[in-house]
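Asker: Chains A and B, in that order, are what the protein sequence lines are. Quick note: the first sequence uses the working numbering, first residue 1, plus one each step. Quick note: the second sequence uses the working numbering, first residue 1, plus one each step.
Please keep in mind that the hints were generated in silico from the structure rather than gathered at the bench. Bear in mind that the values here come from a model prediction, so they are computed numbers and not experimental data. From the three backbone atoms N, C-alpha and C, an ideal C-beta is built for every residue, glycine too. Treat the hints with care, as some may be off.
[Unchecked claim] So, partial list: chain A residues that the calculated Cβ filter (under 8 angstroms) puts toward chain B:
#: 1; residue: A29
#: 2; residue: Y32
#: 3; residue: R43
#: 4; residue: P44
#: 5; residue: L46
#: 6; residue: D49
#: 7; residue: A70
#: 8; residue: F89
#: 9; residue: S93
#: 10; residue: S94
#: 11; residue: A99
#: 12; residue: L100
#: 13; residue: I101
#: 14; residue: F102
#: 15; residue: K104
#: 16; residue: G105
[Unchecked claim] Sample of chain A residues with no beta-carbon within 12 angstroms of chain B, all distances over it, derived:
#: 17; residue: E2
#: 18; residue: Q6
#: 19; residue: Q14
#: 20; residue: V20
#: 21; residue: K42
#: 22; residue: T69
#: 23; residue: Q81
#: 24; residue: V87
#: 25; residue: S112
Each chain, letter by letter, is given below.
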Amino acid sequence: GENVEQHPSTLSVQEGDSAVIKCTYSDSASNYFPWYKQELGKRPQLIIDIRSNVGEKKDQRIAVTLNKTAKHFSLHITETQPEDSAVYFCAASSQAGTALIFGKGTTLSVSS
Amino acid sequence: KAGVTQTPRYLIKTRGQQVTLSCSPISGHRSVSWYQQTPGQGLQFLFEYFSETQRNKGNFPGRFSGRQFSNSRSEMNVSTLELGDSALYLCASTQGGEKLFFGSGTQLSVL
Numbered sequence: 001g002e003n004v005e006q007h008p009s010t011l012s013v014q015e016g017d018s019a020v021i022k023c024t025y026s027d028s029a030s031n032y033f034p035w036y037k038q039e040l041g042k043r044p045q046l047i048i049d050i051r052s053n054v055g056e057k058k059d060q061r062i063a064v065t066l067n068k069t070a071k072h073f074s075l076h077i078t079e080t081q082p083e084d085s086a087v088y089f090c091a092a093s094s095q096a097g098t099a100l101i102f103g104k105g106t107t108l109s110v111s112s
Numbered sequence: 001k002a003g004v005t006q007t008p009r010y011l012i013k014t015r016g017q018q019v020t021l022s023c024s025p026i027s028g029h030r031s032v033s034w035y036q037q038t039p040g041q042g043l044q045f046l047f048e049y050f051s052e053t054q055r056n057k058g059n060f061p062g063r064f065s066g067r068q069f070s071n072s073r074s075e076m077n078v079s080t081l082e083l084g085d086s087a088l089y090l091c092a093s094t095q096g097g098e099k100l101f102f103g104s105g106t107q108l109s110v111l
């Protein structure tokens, strides 16, 4: 089945710096790649997603890139702010297309 | 529109007992998925239901089961609880696509 690896597990940056989180997936049939943000004690929330027919997508300070050939995708956060501090999860759709398989998460800490 | 509702919010059980968790999806959403979240392991997929049918299942033992009712509400059951079952159990619904909307979860502690 699908397997998603996520790196790094923790990331500390200074306010204003950029942050990059990378994920790789195993199933070449996966065609949907969302990113979720989970603040402490709260539910995961979708922040951006990308489909396999698109190489890059941007929404204000966040962007996601996808390389289908290499089977990896990345989240880029520019001009980080303390409120960006959270756990970020990448995910890929399973072969059946009816489930999302998540990476183990990256804890991002933005210090001011 | 009300979000995904999970009950109860917290549960404390002892080893060997069984537990049932409930999830009410967003109105109009027919697909419900369940995930187990533990520190360091992220979100692990349990199963997904659509129109009362299990469409997909993760790699969990048979002690974990679920069902979905005609109104799309879903329940998850864990029998013969083990200490390692202590986790946050998250339910998520979707209208049929992949964008998952999560509930706040049920925090299960097994003593």
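Asker: Checking against the hints above, which ones are violated?
Answerer: 1, 7, 17, 18, 21 and 24
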